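First to last, the protein sequences are chains A, B, C and D.
Quick note: the first sequence, position 277, residue 282 per our numbering, numbers continuous.
Quick note: the second sequence, position 133, residue 138 per our numbering, numbers continuous.
Quick note: the third sequence, position 43, residue 48 per our numbering, numbers continuous.
Quick note: the fourth sequence, position 300, residue 305 per our numbering, numbers continuous.
FYI, nobody ran anything at the bench for these hints, they're computed from the structure.
None of these values were measured; they are calculated from a predicted model.
Beta carbons: idealized from backbone N, C-alpha and C, even for Gly.
Worth double-checking, as some hints may not be accurate.
Quick look at which bits of chain D chain C covers, simulated, 3 or more residues with Cβ under 8 angstroms [unchecked claim]:
{"id": "1", "segment": "58 to 67"}
{"id": "2", "segment": "107 to 114"}
{"id": "3", "segment": "192 to 202"}
{"id": "4", "segment": "299 to 311"}
There are 4 protein chains.
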Amino acid sequence: MPDGSATTTEQALLDRGAMGHRDVADSLEPRPGRSLDAAALRRQFLDARSCTERLAEPLSAEDAAAQSMPDASPTKWHLAHTTWFFETFVLSPLPGYRQYDPSFSLLFNSYYESLGARLPRPCRGLVTRPSLDVVIAYRRAVTLAVASWLETSGAARPDALAAVELGIHHEQQHQELILTDIKHLLSHHPCFPAYHSPLPRGSADEAPPLASPASGGGSARYTKYDGGLVSLGHRGGGFAFDNESPEHRVFVRPFALGAQLVTNGEYLEFIADGGYRRPELWLSDGFHWVAAHDAAAPLYWQLGADGSRQLFTLSGLMPLDLAEPVCHVSYYEADAYARWAAARLPTEAEWEHAARTLPLDGNFLDSGCLHPRAARRTEDTQTFGDTWEWTASAYAPYPGFRALPGALGEYNGKFMCNQMVLRGGSCATPREHVRASYRNFFPPPARWQFTGIRLAKDA
Amino acid sequence: MPDGSATTTEQALLDRGAMGHRDVADSLEPRPGRSLDAAALRRQFLDARSCTERLAEPLSAEDAAAQSMPDASPTKWHLAHTTWFFETFVLSPLPGYRQYDPSFSLLFNSYYESLGARLPRPCRGLVTRPSLDVVIAYRRAVTLAVASWLETSGAARPDALAAVELGIHHEQQHQELILTDIKHLLSHHPCFPAYHSPLPRGSADEAPPLASPASGGGSARYTKYDGGLVSLGHRGGGFAFDNESPEHRVFVRPFALGAQLVTNGEYLEFIADGGYRRPELWLSDGFHWVAAHDAAAPLYWQLGADGSRQLFTLSGLMPLDLAEPVCHVSYYEADAYARWAAARLPTEAEWEHAARTLPLDGNFLDSGCLHPRAARRTEDTQTFGDTWEWTASAYAPYPGFRALPGALGEYNGKFMCNQMVLRGGSCATPREHVRASYRNFFPPPARWQFTGIRLAKDA
Amino acid sequence: MPDGSATTTEQALLDRGAMGHRDVADSLEPRPGRSLDAAALRRQFLDARSCTERLAEPLSAEDAAAQSMPDASPTKWHLAHTTWFFETFVLSPLPGYRQYDPSFSLLFNSYYESLGARLPRPCRGLVTRPSLDVVIAYRRAVTLAVASWLETSGAARPDALAAVELGIHHEQQHQELILTDIKHLLSHHPCFPAYHSPLPRGSADEAPPLASPASGGGSARYTKYDGGLVSLGHRGGGFAFDNESPEHRVFVRPFALGAQLVTNGEYLEFIADGGYRRPELWLSDGFHWVAAHDAAAPLYWQLGADGSRQLFTLSGLMPLDLAEPVCHVSYYEADAYARWAAARLPTEAEWEHAARTLPLDGNFLDSGCLHPRAARRTEDTQTFGDTWEWTASAYAPYPGFRALPGALGEYNGKFMCNQMVLRGGSCATPREHVRASYRNFFPPPARWQFTGIRLAKDA
Amino acid sequence: MPDGSATTTEQALLDRGAMGHRDVADSLEPRPGRSLDAAALRRQFLDARSCTERLAEPLSAEDAAAQSMPDASPTKWHLAHTTWFFETFVLSPLPGYRQYDPSFSLLFNSYYESLGARLPRPCRGLVTRPSLDVVIAYRRAVTLAVASWLETSGAARPDALAAVELGIHHEQQHQELILTDIKHLLSHHPCFPAYHSPLPRGSADEAPPLASPASGGGSARYTKYDGGLVSLGHRGGGFAFDNESPEHRVFVRPFALGAQLVTNGEYLEFIADGGYRRPELWLSDGFHWVAAHDAAAPLYWQLGADGSRQLFTLSGLMPLDLAEPVCHVSYYEADAYARWAAARLPTEAEWEHAARTLPLDGNFLDSGCLHPRAARRTEDTQTFGDTWEWTASAYAPYPGFRALPGALGEYNGKFMCNQMVLRGGSCATPREHVRASYRNFFPPPARWQFTGIRLAKDA
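If we strip away everything but chain A, and leave its shape as in the complex, we get:
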């Protein structure tokens, strides 16, 4: 693929002005040297589209329409927005293409400041029209059109293939958000309804979970690393977002990482030890956050005055399993727990250095469990999947990071302030979506994502 063509694709994107908060395109960095196979991409595309629809299947029209907080979006909006993305960046540039419905750009564009009138994010739950079935019809029409184009003309237009690849990764991000957002919504229902049927937490052919000792599980065991001048960032080959580039060197001291994720049982000890009431364990902002939210446990925990311990999950209320990784904690909680445990959180350089050599394996969306699982074997590091892991690193541009020219440049690095980096993916992340160099980021108080804790220490 010649450089020129790539520029044409970029230009198409620039001219239309796409993009939105946490959208793939925030950090698009097309690499002209990569060559994409239209047929393979078509299969990935159809897989991604149908995966999204399967996630929406258990939901009624009302479930799919409600918005529980400004940071979360209705499922119907996710379904439509990801479709709008393909329509805008793949179909619309094709000669003769006619928009499915001109009002959809206003309704389903996420965050493009220059486009003028746009629905305020907190009002997405008030857009009752189009209804769910209209949105599903819209999805089908766009999926069909893109798939046909890929089959017939895709190979001849490598530039547009890059937009399809981008759209697939964008769609995967929204798959995870559908799950975290619907979980947040259902948690507000007084009856705590389930999103899907309860799954057995371990299947017959698996080893039983590791026993959680009264004090100190796998997270109290540490693996040592030498440090030195290590490499950080995407090393090329396969898709990556621009915030993962360029690959660069960082000088790292010797360090050690917790061999497994911190468990519910371990986190309960922190609570029992007065963790939420001891200012010396918290960042100043964190202790104010505790006071302002009356925080006393992770999100979705229900600790009864009678000693009962339950957890709201996508399968409804479940007993708290002490061996499972603790989840839905804020950065403040992760940081305070680490201080209590006489440890600290890893930097992203430490985390990535350790993860680069590990197989990309774990409990992802694909397992269908949609819940973090207890470690089965002492050697399970839980590095990928289960829960995103808060790092001690503020989200910042890598040295040499360059904003793209034009409209896409409007958004590069736009969120690189007041956010912390998370690594490793979760039980709601599609396996194909994540990699060792992948950088997720959220503000310190965020808890509705599947966020957990890995400890670190100086070695």
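Start from chain A and add chains B, C and D according to the hints.
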């Protein structure tokens, strides 16, 4: 009907503790001496139930589920809550009755403090389950059970008939709220969708609307009244809420009332005269409200920079008709307009004294127009229907008003603070629901009801 | 005094545009027929001016400069604002008068919307300059100039005398505010400092306070009144604000008023009976207020976990005296207490009808006690002084009330919304300032004034 | 000084629990190997104490008592708090010492969570007592006692000398805060009063300021650096806070730094180019900050509709000097300006690497100007003094940073979240206080400190 039986009904209500904000039962005053006909009541009951359902017909499941602000409720909630009311106060006391779904009390009880856990009002839009079809099935089951009971056993239980009558008036209040709440919701959609098809604003057999003169329409003509020691309050005969009682005497000076409602055309003059920018025209709280909300026109008006004037209605955006009554104004706006017009708002004693002798006729919900209409004839006073009329009277107990004993007493007078009385019903009020002594009330800043302006003067 | 001259004074006021929130001039109603004696007025003027200064004497420059909340003003501001009032309305119109400091109008004008730039009310504590000694010099200069003018030329200018009279009543209002505002400020100091030396609560030559029975003190005894068509409003003779006029007739049912104010001991029973936790006793807005403020006792009470009961007063912390009238309660608390006591609050018509025949006697600012006192004799009605008494009447214009023309009309009735009327004056009100027809008003949640409770019942 | 003695001092500090927000002790890292000379320290101590008092001299009691926002403290509080620090950590441990006033600990302790009751930070302006003269007497008594002790017994107690040294640096931090806080307060006064007399912006013996070209001043010239594995952090010798340690290696790419600070003239071009209205120039949080604060210029700028350009300074309103460094910008503004200028902000590693070899020279508090000055010569880098320089680095612990044990450990790193690092000191920083490794930190929206902009680029 002996007094004793009536007391039993009351007791049933008291024991269960019903009621909620702005519910009929806030001001329930059963009058033992009235005798109710079971067959007639059954007809009214079925009419009221099917009227409510017809109002919900144009709405999708999503339309019926969303909540645009804490003060407004989803249609689905109104459909379920009015049903819960009949189930709780008519069916539940019957021997052997089994609740349709025990969780519905938690979800659809409105405002009973003592009942413990109850869904916070602002979260009604997050209750995505049960879905709309389940709520409709619930309605049908309860309607059928009540109708059967009325047919077979109602005559023998005059006490329970009072509860049915109460439930009908309660249902009528929620019919109006369905319309005002869905209008508020749809007004947030960027495409301003219609609730129902546009209606011709005047039908062929009607006179054309009165021309609206450049300055001073019908509201500038005044009708004089002598005043003196007049009667105020419900004089008995037919249903009334307790806040309309007791009938009592008030000494009133000679006064004059505007012959018709203030029109859009007249209100435009106020705007053109800088009305919203002149502090001397406003109450102190009112001018702060203007500043805090950047208010420059009634709710739902769209005044374009190009001079265009549109109005959002239940039929979507329409050109502003200068002859129609101005609507969706706050008390502050009504008061400021009156001061600008060298007039004042009527007290509720003045209003009721004038209305007592007028026929209960006007543009109500029953007309199907769902929009205030321009006066057709010079003698149309528009006293009933079209718009609620803000009075200068704070909502307060009538002298001798007595709180009921027990749980119902919890709510009597509960809202008699920081609210102003409105009179006359609107185009969204069922004709059967209103009367000369009827007292509606809202806080001064409220605008989403169909609220308009009648002027008054000392004579 | 001919009408014409009076109009000239009014005109002077109008042209300059004075006035502010709760200022005398809000409700100025000069009555041309009254004749004012320049020499007597000069004595009153000098008394009022020196009284204000005596109130400021115990305060340091810092005490006099701080502002504890937007509703309260620094003493220094009160000292300067009342001076600015005389300078603006008496001295400035005199030929050749030169403003003391042109910046003072910007700093010490209270609330005139049309004057343009004006210091926002919540920022009064940030105006550190001029310093206190400069303000005191300003006071002296203006006092001297006004007194000289009254001596030499006052008799010849009856119109300006009306402005002086107005300024005296204005100054008296601010005397009370100095005390309530400094009390509020000092209550925020962790050491609870005193404003003045503790006073003996009863002097030697007085009877001891009435014993407060375990249940039901003087407020449980009631005095009956016949009602009928009674007169309300200022009957002429002496100064009155315009909101007291016109005198008019009101039809009142037979009623009874509590013979004395509700005591701390009685209010403690309400608390002990769970008063603050029982929603059935409260207005809906009131119970929300309780929740939002975690209210559990009147302002300035300190109820220790160990059973200790203290009260912050202008003499510092004192043991709670059960026989004293309860004070610093909101309208919501007064209303809830009355409901708990199976009574209600009086209307202002009832209160004034009863008060008209009583001597204007009581525990006022003049006693120097600055704290409500326990009743000494069974026949002490405590109608005047001790505490302002919340009425059940919303603050509204009397029938026939007319706004003044011009700038003063900007403010007439401006506060007649969302406020309740209080009657009778308090221990911080100058005796000369109050009368049976005097209407004070505050929003329902206000507690920092000396506000108490008198019960009423239907007879 | 043996290790043991040092530990004793630490222990004294730990036992008493000192410290507060941004206090020296937040980051105390006593280095036992350093030896302190009692006589020299006594001179520094007396200098620091009298410097603070000179800063308060132009202020009245009211000026010194007011608090303009929660982040700023009254001068009186600064005067007392720094005194309390010496009393608590130097005098109180001495045998027989008796506290000056036991209530002062409650009033003047800054931020020690474990100490129980403590004045909330936003209420410091309400502590009207003790008055300013009492605080000044308190200062004198403590200064005298410390100085006497240093003279007679200091040499024998090296441990306590460390506490004195700490107190001096603590006092210097508060000297800067006195100036920034009083500037913020005076800026709220409608008359914009001066803190001190206007100073000539350049003295006779100095070169005139460099002309500011229409486009691109000294900040558009860049100095290149090679990068590589550089050292960061305090290298030992002299006092440093613990957040400057340990010294460590960082791998840095080649880079270039702006040769001078960005000027007002250059910043005006950014404004004229629509800088505040172009979302593509801003971080997402930054553009929300612009909208929420209606930001259109740096703090203290006054741009008139008539083209006038003024600046509020500690000498009152002054014409905007285009050659002076832009000051009082938030991190968001600095970042947006850099993006507009096709540059970026430096990291703290880049900044410190460049600063390490430069002389510690510049426009500090000691010059008495109290305002950033225009560069006089092309070679003036303005690295130290004039304005703090925002870096692109989030405030985080250096690798190997260790929290102190015990109470002081409560605060180590406590603020290392949601803040950005600033470097170089300002015109309000005492020259003795700053060094190349010094790390200041504020949240991105903060503007009331003397904060400016130096650009950086990849080389």
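Hints, verified against the model:
| no. | hint | result |
| --- | --- | --- |
| 1 | 58 to 67 | holds (count 3) |
| 2 | 107 to 114 | holds (count 3) |
| 3 | 192 to 202 | holds (count 5) |
| 4 | 299 to 311 | violated (count 0) |
Hint compliance for this structure: hint 4 alone is broken.
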